[in-house]
Amino acid sequence: GESVGLHLPTLSVQEGDNSIINCAYSNSASDYFIWYKQESGKGPQFIIDIRSNMDKRQGQRVTVLLNKTVKHLSLQIAATQPGDSAVYFCAEKGNYGGSQGNLIFGKGTKLSVKP
Amino acid sequence: EPEVTQTPSHQVTQMGQEVILRCVPISNHLYFYWYRQILGQKVEFLVSFYNNEISEKSEIFDDQFSVERPDGSNFTLKIRSTKLEDSAMYFCASIRSKAGELFFGEGSRLTVL
Chain A
239 GESVGLHLPT LSVQEGDNSI INCAYSNSAS DYFIWYKQES GKGPQFIIDI RSNMDKRQGQ
299 RVTVLLNKTV KHLSLQIAAT QPGDSAVYFC AEKGNYGGSQ GNLIFGKGTK LSVKP
Chain B
2 EPEVTQTPSH QVTQMGQEVI LRCVPISNHL YFYWYRQILG QKVEFLVSFY NNEISEKSEI
62 FDDQFSVERP DGSNFTLKIR STKLEDSAMY FCASIRSKAG ELFFGEGSRL TVL
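In the order they appear, the protein sequences are chains A and B.
Numbering-wise (the numbering used here), the first sequence opens with residue 239 and increments by one.
Numbering-wise (the numbering used here), the second sequence opens with residue 2 and increments by one.
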């Protein structure tokens, strides 16, 4: 069946360093992937998405890489700041033909940024 | 910036009681969702709603759950007879179109005693 998971449950980085958060998915038919950030006590916040016809997409300080060969997704955060401390979830579109809001989330990686 | 709003932010209830969680999706959005997140676990899809009917639902969304859009702005999740395991954060979300970006509310924390 479908599953989305994360390699590392926690990640601690120094302020200013780059962060890389990884995610594996099992369904090769998945065509849409999203990264969300969740701060304590808040709802998930969209960071960046990518469709399966792309390998890389860049946003402001963030880059998502998609490797369909090994079914791997990563989120790179450049010059990590204390405000980036949160739990990061990858998600994939869970129902083909359905709306893009039906998502399967991974377990999450907690990013801690040390000043 | 438009946002999804949810009430209450926290509700404590006794097992067996009915609970209604309320959401006001972003005004020009057409697809509405409920997700839940048990403490420390991942966010799980419950149900999607479009054109005044359920379009998709997960195995979690059993007969104890129902959703309704009683007027042009509110979207509610009802749990008929709460169980201890229903304790979780419940997130409402909405998107403008079938292929749009999903926006989440801040969540409603439900504690069942």
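Bear in mind the hints are in silico, worked out from the structure with no lab data behind them.
Just so you know, not all the hints are guaranteed correct.
Derived DEER-like restraints, expressed as beta-carbon distance ranges [what the hints assert, rightly or not]:
no., chain 1, residue 1, chain 2, residue 2, range
1, B, ARG97, A, ALA267, 39 to 49 Å
2, B, ILE55, A, ALA267, 31 to 41 Å
3, B, GLU2, A, VAL308, 28 to 38 Å
4, B, SER98, A, SER290, 16 to 26 Å
5, A, LYS345, B, SER98, 40 to 50 Å
6, B, PRO71, A, ASP255, 44 to 54 Å
7, A, GLN319, B, GLY41, 19 to 29 Å
8, A, SER290, B, SER10, 17 to 27 Å
9, B, GLU4, A, ASP269, 22 to 32 Å
Pairs of lysine to aspartate or glutamate residues, derived as EDC-like cross-links and limited to a Cα-Cα distance of at most 16 Å, are as follows [what the hints assert, rightly or not]:
no., chain 1, residue 1, chain 2, residue 2
10, A, LYS306, A, ASP293
11, B, LYS79, B, GLU54
12, A, LYS280, B, GLU19
13, B, LYS43, A, ASP322
14, A, LYS294, A, ASP269
15, A, LYS348, A, ASP322
16, B, LYS99, A, GLU277
17, A, LYS306, A, ASP287
18, B, LYS99, B, GLU57
19, A, LYS345, B, GLU57
20, A, LYS306, A, ASP269
21, B, LYS79, B, GLU4
22, A, LYS345, A, ASP293
23, B, LYS79, B, ASP64
24, A, LYS280, B, ASP64
Derived, one-sided and incomplete: chain A residues facing chain B with beta-carbon distance under 7 Å [what the hints assert, rightly or not]:
no., residue
25, ALA267
26, LYS280
27, PHE284
28, LYS309
29, SER312
30, ALA316
31, SER337
32, GLN338
33, GLY339
34, PHE343
Virtual Cβ for every residue (Gly too), placed ideally from N, Cα, C.
Evaluated hints:
Range check, B/ARG97 to A/ALA267: about 25 Å between beta-carbon atoms, so the 39 to 49 Å window is missed. Between B/ILE55 and A/ALA267 the CB atoms are about 24 Å apart, so this pair departs from the stated range of 31 to 41 Å. Remark: the range hint 28 to 38 Å for B/GLU2 to A/VAL308 is upheld by a beta-carbon distance near 37 Å. Hint check: B/SER98 to A/SER290, Cβ distance near 19 Å, so the stated range 16 to 26 Å holds.
Between A/LYS345 and B/SER98 the beta carbons are some 29 Å apart, a value that contradicts the proposed interval 40 to 50 Å. The given range of 44 to 54 Å is respected by B/PRO71 and A/ASP255, whose C-beta atoms sit roughly 50 Å from each other. In this structure the hint that A/GLN319 and B/GLY41 lie 19 to 29 Å apart at CB holds, the actual value being about 25 Å. Range check, A/SER290 to B/SER10: about 37 Å between beta-carbon atoms, so the 17 to 27 Å window is missed.
Remark: the range hint 22 to 32 Å for B/GLU4 to A/ASP269 is upheld by a beta-carbon distance near 28 Å. Taking the CA atoms of A/LYS306 and A/ASP293, the gap is about 8 Å. The hint holds against a cut of 16 Å. For the hint pairing B/LYS79 with B/GLU54, the CA-to-CA distance comes to about 15 Å; that is within 16 Å, so the pair holds. Restraint check for A/LYS280 and B/GLU19: the C-alpha separation of about 25 Å exceeds 16 Å, so the hint is violated.
Annotation: proposed proximity of B/LYS43 to A/ASP322 is violated, straight-line Cα distance about 19 Å (limit 16 Å). With a C-alpha separation of about 14 Å, the suggested pair A/LYS294 and A/ASP269 falls inside the 16 Å cut-off, and the hint holds. As the CA atoms of A/LYS348 and A/ASP322 are separated by approximately 10 Å, the hinted pair is consistent with the 16 Å bound. Among the hinted pairs, B/LYS99 with A/GLU277 is inconsistent with the structure: their alpha-carbon atoms are about 27 Å apart, more than 16 Å.
A threshold of 16 Å between alpha carbons decides the hint, and for A/LYS306 with A/ASP287 the separation of about 15 Å falls inside it, so the pair holds. For the suggested pair B/LYS99 and B/GLU57, the alpha carbons sit about 13 Å apart, so the restraint of at most 16 Å is met. Simply put, A/LYS345 and B/GLU57 have alpha-carbon atoms about 22 Å apart, too far for the 16 Å limit, and the pair is violated. Simply put, A/LYS306 and A/ASP269 have alpha-carbon atoms about 10 Å apart, close enough for the 16 Å limit, and the pair holds.
Note on B/LYS79 and B/GLU4: the hinted pairing is violated, with a Cα-Cα distance of about 22 Å set against a maximum of 16 Å. A hinted pair counts as satisfied when its Cα atoms are at most 16 Å apart, and A/LYS345 with A/ASP293 does not qualify at roughly 23 Å. Proximity of B/LYS79 to B/ASP64 is assessed by CA-CA distance (about 10 Å); at most 16 Å being required, the pair is judged to hold. Straight-line distance between C-alpha atoms of A/LYS280 and B/ASP64 comes to about 28 Å, which puts the hinted pair past the 16 Å bound.
For the restraint placing A/ALA267 at the interface with chain B, the shortest Cβ-Cβ distance is roughly 17 Å, beyond the 7 Å limit, so the hint is violated. Hint status for A/LYS280: holds, given a least beta-carbon distance of 6 Å to chain B, under 7 Å. For A/PHE284, the interface hint holds, since its Cβ comes within 7 Å of a Cβ in chain B; the closest pair sits about 5 Å apart. For A/LYS309, the suggested interface contact is broken, since its CB lies about 18 Å from the closest CB of chain B, more than 7 Å.
Against a cut-off of 7 Å between C-beta atoms, the interface hint on A/SER312 is violated, since the closest Cβ of chain B lies about 18 Å away. For A/ALA316, the shortest C-beta to C-beta distance to chain B is roughly 22 Å, which exceeds 7 Å, and the interface hint is violated. At a threshold of 7 Å, the smallest CB-CB gap from A/SER337 to chain B is about 5 Å, leaving the interface hint in force. This hint holds: A/GLN338 has a C-beta 5 Å from the nearest C-beta of chain B, less than the 7 Å allowed.
Nearest Cβ of chain B to the Cβ of A/GLY339: about 5 Å, under the 7 Å cut. The hint holds. Below 7 Å, beta-carbon pairs count as interface contacts, and A/PHE343 has one with chain B at about 4 Å; its hint therefore holds.
Figure legend: structure checked against the earlier numbered hints; hints not met, in rising order: 1, 2, 5, 8, 12, 13, 16, 19, 21, 22, 24, 25, 28, 29, 30.
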